[in-house]
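Asker: Below are the chains, spelled out letter by letter.
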Amino acid sequence: MSEATAKETKQNAFQVFWEELSKSSLTLTILAIFTGLLLGGVLVALTTEEVYTTFRTSPWQAIQTGVRAAWNTYVALFTGSLGSPSKIVDAIQGGDPAAIRRAFNPFFESLVQSTPYIFGGLAVALGFRVGLFNIGAEGQIFIGAITSVTAGIFLRGLPAIIHVPLALLAGAAGGAMWGFVPGWLKAKTGGHEVINTIMMNYIAFRLSEYLLNNFLKDPDKFVPISAPIQESARLPRFFAAPIRFHMGFFVALGMAWVVYWLLFKTTWGFELRTVGSNPHAARYAGMNIVRNTVLGMSLSGALAGLAGANEVLGVNYNLAVAFSSGYGFDSIALALLGKSHPLGVVLAALLFGFLRNGAVQMQLRAGIPIDIISILQALILAFIAAPAIIRTIYRLKTPDVADEEVTIRSWGGQ
Amino acid sequence: MTTANKSLPKGKTVINNQEKEYENLTRRRVMGVIFLLAAAVIWAVFVRDLDPNILTVFNMAPGGAVVDVADWIIKPYPVMSVLAFISAALGAYQLARGFHHRTNLVLGLVAAIFVFSFLSWAAAGKSLNIVGLITTSLVKAVPLTLGALSGILCERSGVVNIGIEGMMLVGAFTGALVGSLTNIWVGLLAAVASGALLGLFLAVLSIKYKTNQIISGTVINILGTGLTSFFSAKFLQKYQELNNPGRFPTWNIPGLSKIPVVGPIFFSHNIFVYATFIFIIVLTVALFYTRWGLRLRSVGEHPKAADTLGINVNRTRYMAVTLGGMMSGFAGAYFTLGSVGRFDEVMTAGRGFIGLAAMIFGNWHPVGSFFAGTLFGFADSLASKLSILNVPIPSEFLLMAPYVVTMVVLAGVVGSSHAPAAEGVPYEKE
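Protein chains in written order, with the working numbering: chain R, 1 to 414; chain X, 1 to 430.
Where hints are given, some of them may not hold.
[As the list claims (entries may be wrong)] Okay, derived cross-link-like pairs now, DSSO-like style, lysine-lysine, Cα gap no bigger than 30 Å in a straight line:
#, chain 1, residue 1, chain 2, residue 2
1, X, LYS208, R, LYS397
2, X, LYS429, X, LYS304
3, R, LYS397, X, LYS429
4, X, LYS429, X, LYS208
5, X, LYS210, X, LYS429
6, R, LYS188, R, LYS265
7, X, LYS210, R, LYS397
8, X, LYS126, X, LYS258
9, X, LYS208, X, LYS304
[Said to hold, decoys possible] Using C-beta positions, here's what the derived DEER-type ranges look like:
#, chain 1, residue 1, chain 2, residue 2, range
10, R, LEU39, X, PRO254, 50 to 56 Å
11, X, ILE54, R, ASN214, 24 to 30 Å
12, X, GLY310, R, VAL258, 51 to 57 Å
13, R, ASN316, X, VAL340, 28 to 34 Å
14, X, LYS208, R, PRO85, 42 to 48 Å
[To be verified] Not everything, but these chain R residues come out facing chain X in the computed CB check (under 10 Å):
#, residue
15, LEU207
16, ASN213
17, ALA382
Honestly, the hints are just simulated from the structure, not real lab data.
The structure presented is a predicted model; accordingly, all values stated were derived computationally and were not measured.
Glycine is no exception: its CB is placed at the ideal position from the N, C-alpha and C atoms.
Please put together the full structure from these sequences, using the hints given.
Answerer: Printed below as a string of structure tokens:
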């Protein structure tokens, strides 16, 4: 009997492989991204005016025009984020170092754009693992930027090797402080962290407006912008202008490893995850719910604070009003896309960073508003959050065990 | 999520016990200290350094009012001294004996005393148009209250809606576009319809696909921001005539708008303000005094019991969430058709989230969330008034105040808020 089973299995090896593939969450993620991009292309085609003007004469030509518009958009998006191959070849053949740097710049700029996403995504993902929905990453990014720019401006005479880590730490501490408050409120009073972090966001925006108009304001400027940070507080860059690629990217990768190690290799991390996935079991096992909730939210805030510090110390060298432009909210989408796993978050952050950087070129060349990125993100997020949609479209099998990476609860109760 | 679902009753009791303990032991003292603190601030910050003979003028008729009302002039020094004394006495009584179930009423009184003292101090030696201040607070409360009503409809049926912001934006955009193409009334209808569509989208994600509801709301927010900004950048900026819907005119209610003080505050607005009041009344009655409302709430509190009684849980939720979406679409139309008269990218500026806070603040009740919305509106309009009066408090801190107050409320200091019990949990028939 066992022989027959073995034979059957062997015969169906391909089928088994196919079945496993169609059940795997990676397939699902890739299909979600693909479907999102496809729908984005349809949107571009449908909003191209030429499609409608040619439609009267020949519908077939109209479809071609639409497809071409969508194609051109994505070509512009990808050359904008990765660099144009022909330009790279030309530059290397020409041998002019400045031209080579310009040709490779899109790629490195995408990495620069990805860096705050890695920090932000890690922040939200860590929250998810502890059962907390940190919708306040945006505010924590602002506070992190404020504290790190303060450390960058007002600490003088330090060597870079001390000043840079100190300024980064200041950013992390600021973010942690902003995460601590909702964490503490959640643990002690049950006030839901979604509402509290939203409130903390607005408090952070107003606070940064106030500080940029007073204490931090560059006295030489008329607009509310801070003075530049000391040279010694800058995260070192690896290449000459125009490439802005800096140390922060590797700090972010390091933090991803630290988060992975903390969550999956230490007792602390085990407690954090248990509190997240089953607080009653955790309580029964004698784990301290209050401490772990507060710790989880503070750590999440610290990671978001690093995103702000990274932007200030690595890219802008000063702080302006509304500098963050939605990193915090995008981080929610990419944490979910990365299944709240540090490695997944890094990959998702790279995707978002490349999309965002490419979108700038897309807007310039193909005339497609940069906001299409938000639409793509929302679509991908919807497909990831409701995998049944993707499974229905592509006729995939439902996995036997549902893996639950996100364990957040509504404010109705535990 | 399933584990959380199963252990729901146990978690509930734990929280309730904590809350009870909290109320009995800490809350009374915290309240008493708050009252005393209010008295101390009134005395030390507002009164002490004031010239005893200085006058504060409160204008009682807003600019361009139909009827003229005499100004109300007070001497802030003696008035505020008395108010500080009253507040201190209330605090002392609270600490010694406690007001028990009337505590919140007394808190409201102390808050009113504090705000009035603050205004008298800020406007000392100058004049402040207090009727104008209240009127703008009310107008600014309109989108917040409508957003909160949208949230109440959804959440009372057990579906969390944090996508109000995105729904509002889409409503605002659709209202402006369709309003420009046809007329303002059709624009309003289209805005409501677009809201209904997004509500249905939220319902399908949350009910059919059992997506985590907070994530479905986030999807709607990102999608709403993306779609409206995309179409606005692509078309509205190029063809300005598509973004010129006009505005609903102010409609003075005959007779009532002539009443001094009350007339300009309540009866001299455009239809959005009146509609808000009507919606508050209708929703309160419908939710708490009709069979329809009882069913809707039972689905949000205990879907299994509701199901046993023959109520179709998911159909009720679909209906409630779609209605909630319509309300958000209407709130969005306020921005383009009721206030600005054109669409700008991300013009709701987070008011959907503040509406959400107003809903929680108002304990998932239409009237409560209206007062919460008015508080937010009041802080907003006060901030702009104070910068004119040259008050040494930065307007940013005043704008922060409602957020801090919401967090304090949420922490249970003013009393525990109770969310519908089955909120956020998809219903599965067994």
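Asker: Hint by hint, say whether it matches the structure.
Answerer: How the hints compare with the structure:
About 18 Å separates the Cα atoms of LYS208 of chain X and LYS397 of chain R, which keeps this hinted pair within 30 Å; it holds. Taking the CA atoms of LYS429 of chain X and LYS304 of chain X, the gap is about 8 Å. The hint holds against a cut of 30 Å. Of the supplied pair hints, the one linking LYS397 of chain R and LYS429 of chain X holds, its CA atoms being roughly 23 Å apart against a limit of 30 Å. Under the criterion of a C-alpha separation no larger than 30 Å, the hint pairing LYS429 of chain X with LYS208 of chain X is consistent with the structure, at around 13 Å.
Only pairs whose Cα atoms come within 30 Å are accepted, and LYS210 of chain X paired with LYS429 of chain X is accepted, the gap being roughly 13 Å. Taking the CA atoms of LYS188 of chain R and LYS265 of chain R, the gap is about 28 Å. The hint holds against a cut of 30 Å. For the given pair, LYS210 of chain X sits about 17 Å from LYS397 of chain R by alpha-carbon distance, which is consistent with the 30 Å threshold. A C-alpha spacing of about 27 Å is found between LYS126 of chain X and LYS258 of chain X, which places the hinted pair at or below 30 Å, so the restraint holds.
Straight-line distance between C-alpha atoms of LYS208 of chain X and LYS304 of chain X comes to about 17 Å, which keeps the hinted pair within the 30 Å bound. The beta-carbon spacing between LEU39 of chain R and PRO254 of chain X, approximately 52 Å, falls within the hinted interval of 50 to 56 Å. Distance hint check for ILE54 of chain X and ASN214 of chain R: the Cβ-Cβ separation is about 29 Å, which falls inside the suggested range of 24 to 30 Å. One distance hint, 51 to 57 Å for the beta-carbon pair GLY310 of chain X and VAL258 of chain R, holds here, with the actual separation near 55 Å.
Hint check: ASN316 of chain R to VAL340 of chain X, Cβ distance near 32 Å, so the stated range 28 to 34 Å holds. The supplied range of 42 to 48 Å is met by LYS208 of chain X and PRO85 of chain R, whose beta-carbon atoms lie about 44 Å from each other. Checking LEU207 of chain R against chain X by beta carbon gives a least distance of about 7 Å; that is within 10 Å, so the hint holds. This hint holds: ASN213 of chain R has a C-beta 8 Å from the nearest C-beta of chain X, less than the 10 Å allowed.
This hint holds: ALA382 of chain R has a C-beta 5 Å from the nearest C-beta of chain X, less than the 10 Å allowed.
Violation of the numbered hints given earlier is absent; every hint is satisfied by the structure.
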